[in-house]
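Asks: Once you've looked at the hints, dock chain B against the given chain A.
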Amino acid sequence: MRLLLVEDEIDIQSFLRRSLEETGYEVEVAGDGKTAERLAIDTPFDILIVDLGLPDQDGISLILRLRQLGLSAPVLILSARRSVDDRVRGLEQGGDDYLTKPFALAELLARLRNLLKRNSPATKEPTRLHVQDLELDLLRREAMRGGRVLQLTQQEFVLLEYLCRNAGRVVTRSMILDEVWGMRIQPDTNVVDVHIYRLRGKVDGAGQQPLIRTMRGVGYVLRDR
Amino acid sequence: MSSETGKRRIHSAAWRISLRATFAFACGTLILFVYLQHFIASNIQRRSDAWLSGEIETLGHVAEETPRNAFYERVVGEVAELATREVPHRFKPTGNANDSVFFAQIGSDGALKLWVGVGSGTADLSAIKAIRIVSDRPTDLRLPGFAIPFRVASLRLKDGNHVYLGLSERDDLRLLSNLRLRFFILWLLLVMLGFGMVFFSTRRMLGHVRKITEAASRIGHSDLTARVPIIRRNDEVSHLALTLNNMLDRIERSMHQLHTITDALAHDLRSPLTAIRGKLESSLSTADGDQAEPIVSAIEELDRLTEFLNKSLDVAEAKADALRLTRSEVDLDELLRAMIDLYEPSMSEKGLKVRMRSAGAVKVFADAALLHRMAANLLDNELKHLPSTCTIDIELLSGEDAASLILEDDGPGFDSEVLPHLFERRVKGRKSNGHGLGLAFVDAVARAHGGTVAASNRESGGARIAITLPLAPKVPAGALAATAPGSNSFH
Chain A
1 MRLLLVEDEI DIQSFLRRSL EETGYEVEVA GDGKTAERLA IDTPFDILIV DLGLPDQDGI
61 SLILRLRQLG LSAPVLILSA RRSVDDRVRG LEQGGDDYLT KPFALAELLA RLRNLLKRNS
121 PATKEPTRLH VQDLELDLLR REAMRGGRVL QLTQQEFVLL EYLCRNAGRV VTRSMILDEV
181 WGMRIQPDTN VVDVHIYRLR GKVDGAGQQP LIRTMRGVGY VLRDR
Chain B
1 MSSETGKRRI HSAAWRISLR ATFAFACGTL ILFVYLQHFI ASNIQRRSDA WLSGEIETLG
61 HVAEETPRNA FYERVVGEVA ELATREVPHR FKPTGNANDS VFFAQIGSDG ALKLWVGVGS
121 GTADLSAIKA IRIVSDRPTD LRLPGFAIPF RVASLRLKDG NHVYLGLSER DDLRLLSNLR
181 LRFFILWLLL VMLGFGMVFF STRRMLGHVR KITEAASRIG HSDLTARVPI IRRNDEVSHL
241 ALTLNNMLDR IERSMHQLHT ITDALAHDLR SPLTAIRGKL ESSLSTADGD QAEPIVSAIE
301 ELDRLTEFLN KSLDVAEAKA DALRLTRSEV DLDELLRAMI DLYEPSMSEK GLKVRMRSAG
361 AVKVFADAAL LHRMAANLLD NELKHLPSTC TIDIELLSGE DAASLILEDD GPGFDSEVLP
421 HLFERRVKGR KSNGHGLGLA FVDAVARAHG GTVAASNRES GGARIAITLP LAPKVPAGAL
481 AATAPGSNSF H
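Line by line, the protein sequences are chains A and B.
Under the numbering used here, the first residue of the first sequence is numbered 1, with each subsequent residue one higher.
Under the numbering used here, the first residue of the second sequence is numbered 1, with each subsequent residue one higher.
What you were told as hints is all true, and nothing was included just to trick you.
Among the chain A residues that face chain B by a calculated CB cut under 7 Å, a handful are: (1) E9; (2) D11; (3) I12; (4) F15; (5) G53; (6) P102; (7) L105; (8) M183; (9) R184; (10) T189; (11) V194; (12) G217.
No more than 25 Å apart at the CA atoms, straight line, and that leaves these computed lysine-lysine pairs for DSS-like: (13) B:K350 <-> A:K202; (14) B:K353 <-> B:K384; (15) B:K353 <-> A:K202; (16) B:K474 <-> B:K211.
Keep in mind the hints are simulated off the structure, nothing from the lab.
Idealized CB from N, CA, C, for every residue including glycine.
Isolated chain B (complex conformation):
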C-alpha cells in the first residue's frame, strides 16, 4: 500500500515538474512566434505600401499628362485597370473579377471624376473623401460593404484633383492568418513534444529515486545487509544511492557493535547466573525446613534479576532501533484471549474484572515471543497497581493498515508528574515497587514492530494505553489456498 502511494506521489512530481517546464517553454516559443508573425506582417505591409506609392505616382502622372479629351477617362481607366492586374501576392480572385483594387479620381470640387473598381463608386465617395491626410504614406480605409479594410494611397495633382489607389488588405490578411495557423500548429507540436520529453525523462529519473526509496524502506530492523541498487551512471541519483549505501554501511557497523556489546554483556552475566542458580538448586534439594527459605528467595530474586537483565537489554536495543525480531504471522485476538485466560484467575482473586472486546482475528506479522512479553507486562502492570473492584477493558480493533489495542481501566490513573515520561526507563509511580521497565519495554516492542504506544488518563478517571501495530500484509488468495492444507495438518 505504501509503495502505491509513493508511486502516486512520484508520478505527480513528474507531472508537476513537466507542467512547469512546459509552461515556461510554451511562453518562450509563443513570444518568438508572435514576434516572427509581427515581423512578417510589417514586411508584407511595407511591400504593399511600396507598390501602392509607386503605382499612385505612375497613375497620377498619367492622369496629369493625358490630354483632357473624350478619351481621357478611357486612357486613365485602362492604365489604372492594367495597374490593378499586377497586384502583389494576390490570390485567385473569387467571384468578382477584381474587387481587391480600386482607383478613384476626385475633382477639386469634390465630384467623382473617374472610378475603376467594383460598383459605381458613389457610395464610397464620402469614405474616400474622409481621408484628409494626403501624404506619401498610404493609410487604412474602411469602405461600406467591405469587411476588410483597404490600404489607400493618394496623390494631389497639379490641377487640384486627387487620385486614390486602394488595395484590399484581404490577401495580406489571408496570408497572415494562414501563417498564424501554421505557426500555431507548429507551436502546439513543439510544446507537446517538449512536454513529452520533459515528462518522460523526469519520470525516468524519479523512477530511479523511487527504486532507491523503496529499497531503502525495505531495509528495516531485520535486514540491514541489503543495499540500495546502484544505477551505473555518474549523476546525482547514483550519488544519492551511493551515499545511502555508505550510510547503511555505517549503521550496520554500529548496529553490529551494539549487538556485540549487548550479547557479550548478556553472556557474561548469564553464565555466572546459571552457575549460581544451579548451585542454589543443588543445595535446595538437600536443605530442609528453615534452611530452605533463604535459598528459595535467592532463587526467586535471581529469576527476577534475569528477567530484568533481559528487559533492560531489549529496551536498550529498541531505543537504538536495533531490536532483533523473529517475525511470523500472529493473531492478536488469539494471543490476547490466551493471555487474559492466564491472568483472569489472578485478577478475580484480587477483585478485578477483565473484559475484552474484539471483532475476530487480527493478524500482524510480528515476533510472537516479544508480543507475549509485552501483553504480560501490560497485565502485570494492571494487576500490581489497580485497587480491587476495578474493571479493565481491553479492546482490539482492526484499522485500514494497523491494529489497535486499547487498554482502559477505572482505577486511579497515572500520576500526573509521571505521565509525560511514562515510557522512559526507570520511571515509575510513587507507589510502584517495580523496576520501572514495564512500560518502557512495551514501548520498545511496539516501536520495534513499527507501531506506537500512547498513554493518557481518561476523563472519567482511570488509565488508558493505546497501542498500534501494523497489520500483516494481505496474502494473495492463491498463496493462501496453497498454504491452507499444510497448516490444517498441524491441528
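The shape of chain A in the complex, shown without the other chains:
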C-alpha cells in the first residue's frame, strides 16, 4: 500500500512514518503542499494523510485541487483546529475521514484501514465471525465460546463484535466509544473499562485462555492467536 503523508511538523512526520512503515505501508513524505502536489501527480497513491495546517497552503485547498487533478485515493485529514470546518464535513461525506490531533496511533491505523476498505470493491459481509474458539453469529446475534452460549446484552454483543472485527489489533477507548456508542467523547471516568471488565467476565470462562487483553495506556486487543 502506497501512502502519501503530508505533514510539516518534523516530529510528527518522523514518528508517523516509522509507525506506518512498521505496519506495512510504503510511505512518501511531503512537508508542504507544493511537494505533495508534485508527488501525487507523479505516482499513484492508495491513500493520503493530509494535515490541514501546511506552511504554504490550506490542507483543504490542496485536497480539492488534487481531486480536480483526478486523484481518487481516500484522504485522512489531520486537524489541530478546534472546530470541524464545513469543507471538512463535505469531504467526510465524499468518503474521506478526519482525525483531530493529538490522536492514538491505533486510531489512525484503524481509520486508514476503514478508508481503504470503503474504497475497495465490496467483499461479501460475513454472517459469522471466528476468533480462536469464539464464534459470533451476526444474524442470530448469538455468541459462543467453546460450545458454550454467552449470555450477552445487546450492547455487549455489539462491543464484542467490534473487538472481533478488529481481532489482533489494538482498539482505543475513544474508538470503542465512537464505534459502539457513536460518541466522540473523552470521559473523565473509566466507563469503557467497566464495560470491558464485564464482557471479559462473560467471555473468559473458568479455565479458558483470557481473550480480551488490556494494553495499558493504549486500549484493548482481542487476541487472535
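Replies: The following block gives chain B in isolation, referenced to the frame of chain A:
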C-alpha cells in the same frame, strides 16, 4: 413562534400610537367644531334679534299712529300679519299656516287687546305678561303648548300699552341641529381618516423595525455574516439598521479575532502534544514491564491535558457567546438513553442507581457532539462525587418551546459556599479532584444553544441540576413526509 408574538407586540404598538394620536386629533377638531357652531348660533340669534327689534319698532309705531277707530284692530292686525310673513331664514311652515310668529298688544290694564297668531292668545297672556323687563333686547319665552321657546321683543307705547312680537326659535334650532349633524359627520370622517393615516404609517414604520428585529435575532452564534436589511431612506429607522450593521461588523471582527486566538492556541499546543504522544506510544511498544508503567501514566496524563485544553477553550468561547456549533436534529431521549447505557455499569459497580423518566422523543436542533460531552460531564460528575447507595434520577420533559433535563440525586448536595459560583471556571468542591471545568462546560454548552442551567440543593437533600434547551422548530407535515423515505433508507 417568537416572530408571531413579536408581530402581535408591534401590531399593538401601532394600535396604541394611533389611538393616542387620534384621541388628540379628535379633541382638537371637536373644540374647533364646537366653537364654529357656537359662533354660527350666536350670529343667527343676533340676526333674529335685529329683525325683531326692527319689526317691533315698526309695529309699535303703527299701533300708536293708527287712529283708534273700528278699523284699528284690523289695520294693526294686517300690518302685524304682513310683518310675520317676512320672517328671516324660515322653513316651509308645517300644518298651521303661521305658528312661528305671534303679535300681542296688551293694554295698561293688563287685558289682551290684540292677538295675531295661533289660537286666541288668552292662554299665553300670563306667560307674556311675566316678561317684566321691557328693554331693547329680546328675551326667551316659553309659551304653554309649544315645546320650542319663542324669542320675544317688547315695546311700551306712549299710552301705556305694550306690544309684543314673538318669533319661534324653531327654525333657528332646526338650522343649528342640521348644522350640528353635518359637523358631527364631518368630524367623524376626519377622525377616522386621521386614525387610518396614523395607523397605516405607524404600522409601516414599525414593520421596518420589525424586519430589522427579526433579521437581527436571526443573526446568532452561527451566522454572524448576515446583516440587517437597509431601507433606502434617510430616516431614523434606516439609521437604526445602519447602526446595527456597524455594531455587527465590530462583533464579527472581535469574534473572528477570538476564534483566531483560540485556534492558534489549540494548534500550537496540539501539535507538540501529538508529537509527544506519538513518541510515547512508540517507546511503549518497545518497553517492557517496569519501564512501561511511567509511559502509560504519561499518556493518560496527556489525554487528560488534551481534554482539559478542549474544554477550557470551549468554555472561553462560550463565555464570549462565540462557541461554534454544528447543528443537526438530535433526539435528547435517545442520546440520554445511550449515555445511561454507557454509564450504568460503572454506576452499579460503585453501588449507584440510575433511573430515567421520559415521555418519548424530544427533538432539539443542536450540536450532537457537544451535547454528548455535556451529558458525559454531568454523569462523570455524579460518578465521581456521589457516595455509594445513592440514586440518580434523570427526567426529560418537553415543554411548549423548550426541553428540560432534570438531574437529581440523594447525595450530600453541593457545598453551600460553592453553590453560587458553580458554573464559573475553576470552582470545585473541597473534596473534588477534578479541574473545576465540568459544570462550567455544561453551562457553556447550554448557553451556546440558547438554553439555561440552574443548580440547587434539594430540600430532602441531594443535588439538583436543571437544564433547558430550546426545542427544534416544528417541521411542516409536507417537508417531513418528503424526508422520511430518505432517512428510512439509512436504517
